[in-house]
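> Chains as they are written, first to last, in the numbering used here: chain H, 1 to 388; chain P, 1 to 283.
Keep in mind the hints are simulated off the structure, nothing from the lab. One or more hints might be untrue.
Unchecked claim - Straight-line C-alpha distance at most 20 angstroms; calculated DMTMM-like pairs for lysine to aspartate or glutamate:
no.: 1; chain 1: P; residue 1: LYS106; chain 2: H; residue 2: GLU54
no.: 2; chain 1: H; residue 1: LYS123; chain 2: H; residue 2: GLU110
no.: 3; chain 1: H; residue 1: LYS364; chain 2: H; residue 2: GLU194
no.: 4; chain 1: H; residue 1: LYS149; chain 2: P; residue 2: ASP145
A quick note: this is a predicted structure, and the numbers were derived from the prediction, not measured.
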Amino acid sequence: MEHSLELERISKAFGKTGVLSDIDLAVEPGEFLSLVGPSGCGKSTLLRIISGLERQDSGQVRIAGRPVDVLSPRARNIAMVFQNYALYPHMSAAENIALPLMVDRLSLLERLPLIRHLSPRRKRIEAAISGEIGKVAEALQIEPLLARKPGQLSGGQRQRVALARAMVRQPSLFLMDEPLSNLDAQLRVHMRDELTDLHRRLGATFIYVTHDQIEAMTMSTRIAMLDGGRLAQIGSPADLYERPASLTVARFIGSPAINILPARLDPQGHVMLGALPTGLVASEGLAGPVSLGLRPEHIRLHAACERAMPMATLRRSEHHGADRLLHLDLTENRQTGLIVRVPQDETGQFQPGETYGIGFAPEKAHLFGPSGLRMATRTLPARIGAAA
Amino acid sequence: MKAVRFPLPAGRLLRFAGAHAVLLVGAAFMLLPFLWMLLTAIRAPDEILTGGLNPIPRSFHAVENFSAAMQQAPLLRFMVNGVIICSGILIIQLLVAIPAAYALAKLRFPGRGLLFAAVIGGLCIPIQVPALPIYLALAEFGLLDSYFAMMVPFFLSVFAIFLFRQTFRGFPDEILQAARVDGLGEFEILWRIVVPSALPAIAAFSIFSIVAHWNDLYWPMIVIQRMDYAPPPLGMLFFANSETGASYGVLMAGATIITAPLVIVFLLARRRFVQGITMTGIK
Numbered sequence: 001m002e003h004s005l006e007l008e009r010i011s012k013a014f015g016k017t018g019v020l021s022d023i024d025l026a027v028e029p030g031e032f033l034s035l036v037g038p039s040g041c042g043k044s045t046l047l048r049i050i051s052g053l054e055r056q057d058s059g060q061v062r063i064a065g066r067p068v069d070v071l072s073p074r075a076r077n078i079a080m081v082f083q084n085y086a087l088y089p090h091m092s093a094a095e096n097i098a099l100p101l102m103v104d105r106l107s108l109l110e111r112l113p114l115i116r117h118l119s120p121r122r123k124r125i126e127a128a129i130s131g132e133i134g135k136v137a138e139a140l141q142i143e144p145l146l147a148r149k150p151g152q153l154s155g156g157q158r159q160r161v162a163l164a165r166a167m168v169r170q171p172s173l174f175l176m177d178e179p180l181s182n183l184d185a186q187l188r189v190h191m192r193d194e195l196t197d198l199h200r201r202l203g204a205t206f207i208y209v210t211h212d213q214i215e216a217m218t219m220s221t222r223i224a225m226l227d228g229g230r231l232a233q234i235g236s237p238a239d240l241y242e243r244p245a246s247l248t249v250a251r252f253i254g255s256p257a258i259n260i261l262p263a264r265l266d267p268q269g270h271v272m273l274g275a276l277p278t279g280l281v282a283s284e285g286l287a288g289p290v291s292l293g294l295r296p297e298h299i300r301l302h303a304a305c306e307r308a309m310p311m312a313t314l315r316r317s318e319h320h321g322a323d324r325l326l327h328l329d330l331t332e333n334r335q336t337g338l339i340v341r342v343p344q345d346e347t348g349q350f351q352p353g354e355t356y357g358i359g360f361a362p363e364k365a366h367l368f369g370p371s372g373l374r375m376a377t378r379t380l381p382a383r384i385g386a387a388a
Numbered sequence: 001m002k003a004v005r006f007p008l009p010a011g012r013l014l015r016f017a018g019a020h021a022v023l024l025v026g027a028a029f030m031l032l033p034f035l036w037m038l039l040t041a042i043r044a045p046d047e048i049l050t051g052g053l054n055p056i057p058r059s060f061h062a063v064e065n066f067s068a069a070m071q072q073a074p075l076l077r078f079m080v081n082g083v084i085i086c087s088g089i090l091i092i093q094l095l096v097a098i099p100a101a102y103a104l105a106k107l108r109f110p111g112r113g114l115l116f117a118a119v120i121g122g123l124c125i126p127i128q129v130p131a132l133p134i135y136l137a138l139a140e141f142g143l144l145d146s147y148f149a150m151m152v153p154f155f156l157s158v159f160a161i162f163l164f165r166q167t168f169r170g171f172p173d174e175i176l177q178a179a180r181v182d183g184l185g186e187f188e189i190l191w192r193i194v195v196p197s198a199l200p201a202i203a204a205f206s207i208f209s210i211v212a213h214w215n216d217l218y219w220p221m222i223v224i225q226r227m228d229y230a231p232p233p234l235g236m237l238f239f240a241n242s243e244t245g246a247s248y249g250v251l252m253a254g255a256t257i258i259t260a261p262l263v264i265v266f267l268l269a270r271r272r273f274v275q276g277i278t279m280t281g282i283k
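Based on the sequences and whatever the hints tell you, model everything.
Below, the structure is given as structure tokens:
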């Protein structure tokens, strides 16, 4: 089966500032692909290029195997949902949803005021359209709102109307530009659920832009992370979390953020934290400074340490429901804070102001070279400084 | 919000009274000429010059003055002319200025900044500057003494382009993009999506335009010789010269009649007008 969407070497610059360079991407039919990245990484621009609202400087966009570079947004058979909903302010919800179908099925003449009443087939077409609006409205539970203007709807309701307007055309591709970022936290969680559900029911391909990694992690089948206009990594949420390809990806994905500790490669390739070996060996790479990434849940604190371990002082402990987050300062390097996630029932033993030893399983650690890219590692059988 | 307390403290009362005194003086300056026009229109002729500043007429002469004005001057003709000229000018102004303003506000094309600078420059040029060349051209084509001659210099309103451009700029780009994805062309986006949201600004401009051209004396005086085409002020001028002489009562009755439509239009569109001026049409 051919790809639902393919991007080939897409580049774009606004004036002299490059926004996107050489983006390659292939999306399978029915995928929920999130484009994530910090603001300014080019993800919205990429979405606009897919939609046809913006033209790429070079490269090709193919939708369902067909190059669409010269096609208008309308001819691409896509639908887009915008951050601020972008509903037509003076039209009712029903008119908003009807508009794309009206444009598809009525000629320009049949849409003109006064003249449109002369068209014999207009009535029939409009009846068919209102039937389809009814179906979509039922699916999204907005039937009671159809007569209202956008100004009389709440944020969540507007977002549903915007979704209905996108769905009613039955497009092959749904493009969503941060559609949940204007909703309050509770509603956002709820709409996340609804969107995932909608994606499953429709079986359509979703391209979803967000700067919120939690949205990307919870909803997507795959995530493509952009950084500085380049594709930093693409993979399942688990891939990005468990094997981040670069420091940027590691820092962006996961909440609380991953701990990055300054480390050093010795000439034999051993990864050293200060003077202490970590049990991690880089498969290649020169001696010199590297970064060691540790997820908060992969660090173990040891009250009494027999072995040589990096030490840290507990500064603060935060209640997060099932877990507690412990904020520590490394003894050797006071600038480096450390966050450790501990299940609630194990926290009693940790007291602020006390100093603890830091332990971790080397196979859970991520190693990044001076360029920020992930380095291949292996672990030594005899662990030094690691938790038992 | 703080509840208003009664009685007001002395300081606030004073400030309140002071502010209103200033406003009242301003209002009096604006309204007195109109009030005097009305009072003169209902006075007997002998009382107008001898009555001094006594605002209350001793004898009411309204019926005589107004019927004299209606009979002696073709006031209805003047007003029909005024309606034709004002609506002709306004319609073309809107048809030209709205697309131009949309392009300047929302479309990206080379030379946009230069064109907008030209619009700003155009704002600084009064009608007296191009009056002579326009007059010569109209004379050359034999178009003097026509409705067209009275309307043509005003078809292109840089003020309208400027005002609408500022209004359209505030219109969210996302909605335009949504409309493009939905398949609307730029003209349809403009007239079906953008214009309905800019109605307050359009109403405000319409009032400006109608008032300016209903009251315009300068340009019609240059291009119109025949009374058949005269708009209200020029008509009144012809009328004052030829028929009434010093009959101010009749003259003021005529002036009252031709001012009335403007007052009515403004009262009808007042809310929209204020909205448009304060630019709170859309968020």
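> Run every hint past the structure and note whether it holds.
Do the hints match the structure? See the list:
no.: 1; hint: P:LYS106 x H:GLU54; verdict: holds, 14 angstroms
no.: 2; hint: H:LYS123 x H:GLU110; verdict: holds, 11 angstroms
no.: 3; hint: H:LYS364 x H:GLU194; verdict: violated, 34 angstroms
no.: 4; hint: H:LYS149 x P:ASP145; verdict: violated, 50 angstroms
Violated hints for the displayed structure, listed by number in ascending order: 3 and 4.
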